[in-house]
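Chemist: Please construct the entire structure, taking both the sequences and the accompanying hints into account.
Protein sequence lines correspond, in order, to chains A and B.
Take 765 as the starting number for the first sequence in this note's numbering and just add one per residue.
Take -4 as the starting number for the second sequence in this note's numbering and just add one per residue.
No lab work stands behind these hints: they were computed from the structure.
Predicted model, so just to flag it, every value in this text is computed and none were measured.
There are no misleading hints in this set.
Take a look, some chain B residues computed to stay more than 10 Å from chain A by CB distance:
| no. | residue |
| --- | --- |
| 1 | Arg8 |
| 2 | Val14 |
| 3 | Thr15 |
| 4 | Ser17 |
| 5 | Glu19 |
| 6 | Asn21 |
| 7 | Leu22 |
| 8 | Asn23 |
| 9 | His24 |
| 10 | Asn48 |
| 11 | Glu57 |
| 12 | Arg63 |
| 13 | Glu64 |
| 14 | Ala76 |
| 15 | Asn79 |
| 16 | Thr81 |
Derived CB-CB ranges, DEER-like:
| no. | chain 1 | residue 1 | chain 2 | residue 2 | range |
| --- | --- | --- | --- | --- | --- |
| 17 | B | Gly(-2) | A | Ser816 | 22 to 32 Å |
| 18 | A | Lys827 | B | Gln12 | 46 to 56 Å |
| 19 | A | Glu809 | B | Gln12 | 24 to 34 Å |
| 20 | B | Asp54 | A | Lys806 | 21 to 31 Å |
| 21 | B | Asp49 | A | Lys823 | 33 to 43 Å |
| 22 | A | Asn877 | B | Pro34 | 15 to 25 Å |
| 23 | A | Val791 | B | Asp94 | 16 to 26 Å |
| 24 | A | Asn877 | B | Tyr5 | 25 to 35 Å |
| 25 | A | Leu873 | B | Lys4 | 17 to 27 Å |
| 26 | B | Ile55 | A | Glu809 | 16 to 26 Å |
| 27 | B | Phe7 | A | Lys823 | 31 to 41 Å |
| 28 | B | Ser62 | A | Lys823 | 34 to 44 Å |
| 29 | A | Gln778 | B | Thr72 | 38 to 48 Å |
Backbone N, C-alpha and C define an ideal beta-carbon position, used for all residues, glycine too.
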Amino acid sequence: EDQVTQSPEALRLQEGESSSLNCSYTVSGLRGLFWYRQDPGKGPEFLFTLYSAGEEKEKERLKATLTKKESFLHITAPKPEDSATYLCAVQVGNSGGSNYKLTFGKGTLLTVNP
Amino acid sequence: DGGITQSPKYLFRKEGQNVTLSCEQNLNHDAMYWYRQDPGQGLRLIYYSQIVNDFQKGDIAEGYSVSREKKESFPLTVTSAQKNPTAFYLCASSRTILDGYTFGSGTRLTVV
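Modeler: Next up, the structure:
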């Protein structure tokens, strides 16, 4: 069974204190790994897609990296507005198949204090 | 602006009643999805549709039904057979089933 595990469940940082969130996965036939940000009571907002080990993507204070077993979301000098739940999802599928669904982790709740 | 609209934002239902959640997109996306989100759990896939007039069950389809008669619309009906319907429901779409998703703002359903 495909599994996606995010850690830690919750992380509290001071403004400017850099850190990383982890997403480890056990899947067969990984096609892509997605990171989303979700604010309370709202739908997830797309951040990044990573497709192959070694790939990195950046957006403002966020950088996502991918290995064969896990992905990291690095947050550099965070600000209070970065506070949110960060969700990781993996897309699996077989060549010629149609079952390319996303499987989500439970998320990491990030709080950045001023 | 293109996007996904879910309505209503809050919905209350009496036990034993069916209720339909609306999801409309103007992104010209072929694929649409319904997820359920509960506290402490990841998003779980209810149903998805790759193209008009076609849909497949996700991981937790029991007690739910959908239709896809138009490309823009993918309504979800929560039936009385769903034992624990109280949850936050999210609709999403993607250009194709291989692409990343755009999510709506969600509908919070409460059974009273």
